[in-house]
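Quick note, the sequences are listed as chains A and B, same order. So for the first sequence, the numbering used here puts the first residue at 104; every next one is plus one. So for the second sequence, the numbering used here puts the first residue at 6; every next one is plus one.
Mixed in with the good hints, there may be bad ones.
[What the hints assert, rightly or not] In silico lysine-lysine, DSSO-like type, Cα no more than 27 angstroms apart, as pairs:
no., chain 1, residue 1, chain 2, residue 2
1, A, Lys195, B, Lys108
2, B, Lys79, A, Lys284
3, B, Lys79, A, Lys186
4, A, Lys187, A, Lys302
5, A, Lys210, B, Lys79
To be clear, the hints were calculated from the coordinates, so they are not data collected in a lab.
One-letter residues, chain by chain:
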Amino acid sequence: MSPSRLTNPKVFGSLIAISASFSLAGCKKTETPAADTASPAVAPARDTTPPAAAAAPAINDAQIAHIAVTANAVDSAAGELAKKKGSTKAVKSFAQTMVTDHGGVNKQAVALVTKLNVTPEDNDTSKQLKSGGDANLAKLGTLSGAAFDKAYIDNEVAYHQAVLDAIDKTLIPDAKNVELKGLLQNVRPAFVAHLEHAKSIQATLTKTGA
Amino acid sequence: MPRHASLAAIVSLCLLGAIAACSRAEPRAHPVKIQNFVFVPAELTIARGDTVVWSNTDFVPHSTTASNSAWDSKAIEANGSWRFVARDAGRYDYYCVFHPNMKGTIVVR
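The whole structure should be built from the sequences, with the hints applied where relevant.
Here you go:
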């Protein structure tokens with residue numbers, strides 16, 4: 104993906120955060136130059152360029168809906184894999200919860216876009232989420248046992264944090280439709296709960312040396 | 006006279022029964038809402054014999070599971086509810102088995 108295609112600085116910030124999270128898990132190494140250049144400067148760049156950010160075209164509701172659906176689908180897919188390959192009860196249970204909850208979120212999202220007669224619109228953020236998710240699945244596919252558990256949970260922590268940041272800084276602020284904004288606000292607690300849950304499992308795995 | 010004595014005894018017993026019934030409050034049902042991945046209220050004090058009714062208003066399943074195994078609702082589906090009658094006094098911490106950071110407490114007096 105060419106950085107020049109990322110014309111919206113707010114979305115670009117989210118992408119960088121999400122991209123960085125996958126990089127943390129050892130994925131997307133081919134994009135290292137872009138991530139290395141941009142990651143340390145995410146906050147300062149946004150702070151020092153307010154005129155450009157203010158003038159940037161906002162992401163539209165159809166694109167936000169697509170990002171929401173994609174984010175949930177990506178984590179459901181990782182959960183399906185972890186249900187089979189996880190080696191501890193805690194990891195398998197967490198994975199099942201991810202599949203159940205993100206499936207529930209997507210049901211809400213699909214019901215809303217159907218009601219609003221909106222067709223979710225693919226966009227760079229969705230593409231980045233999907234490619235990052237695919238890279239994560241590919242990496243997890245090569246691991247097993249404790250190494251799998253650690254890589255899966257580490258990515259879950261980074262992923263949920265990145266998506267939460269995107270929800271707070273881009274998706275909720277930019278959503279125009281009241282019901283879409285409401286849906287994002289309603290699903291936010293799920294991401295918070297998942298992040299806390301993943302962090303507690305991560306702490307346990309670290310303690311046990313996994 | 007014996008008839009009067011019997012009548013007085015029956016009336017006395019009825020009065021005693023009424024007083025006893027009045028002195029013991031009727032069991033109550035206490036709602037706990039599960040909303041936005043939080044138990045509301047997080048802590049609830051009830052009397053023995055009261056019922057707690059958890060209602061899940063979220064879009065995903067939750068559970069109410071006592072840390073000491075006193076109860077376990079299993080999955081309460083979206084828009085579902087589950088009730089528990091508290092028979093024994095004590096302080097009961099509970100959580101959602103699917104989202105362990107969701108915690109609550111029931112105090113039974």
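Status of each hint after checking the structure:
1. Lys195(A) / Lys108(B): holds, 21 angstroms
2. Lys79(B) / Lys284(A): Violated, at roughly 32 angstroms.
3. Lys79(B) / Lys186(A): Distance of about 19 angstroms is within 27 angstroms: holds.
4. Lys187(A) / Lys302(A): holds, 21 angstroms
5. Lys210(A) / Lys79(B): holds, 22 angstroms
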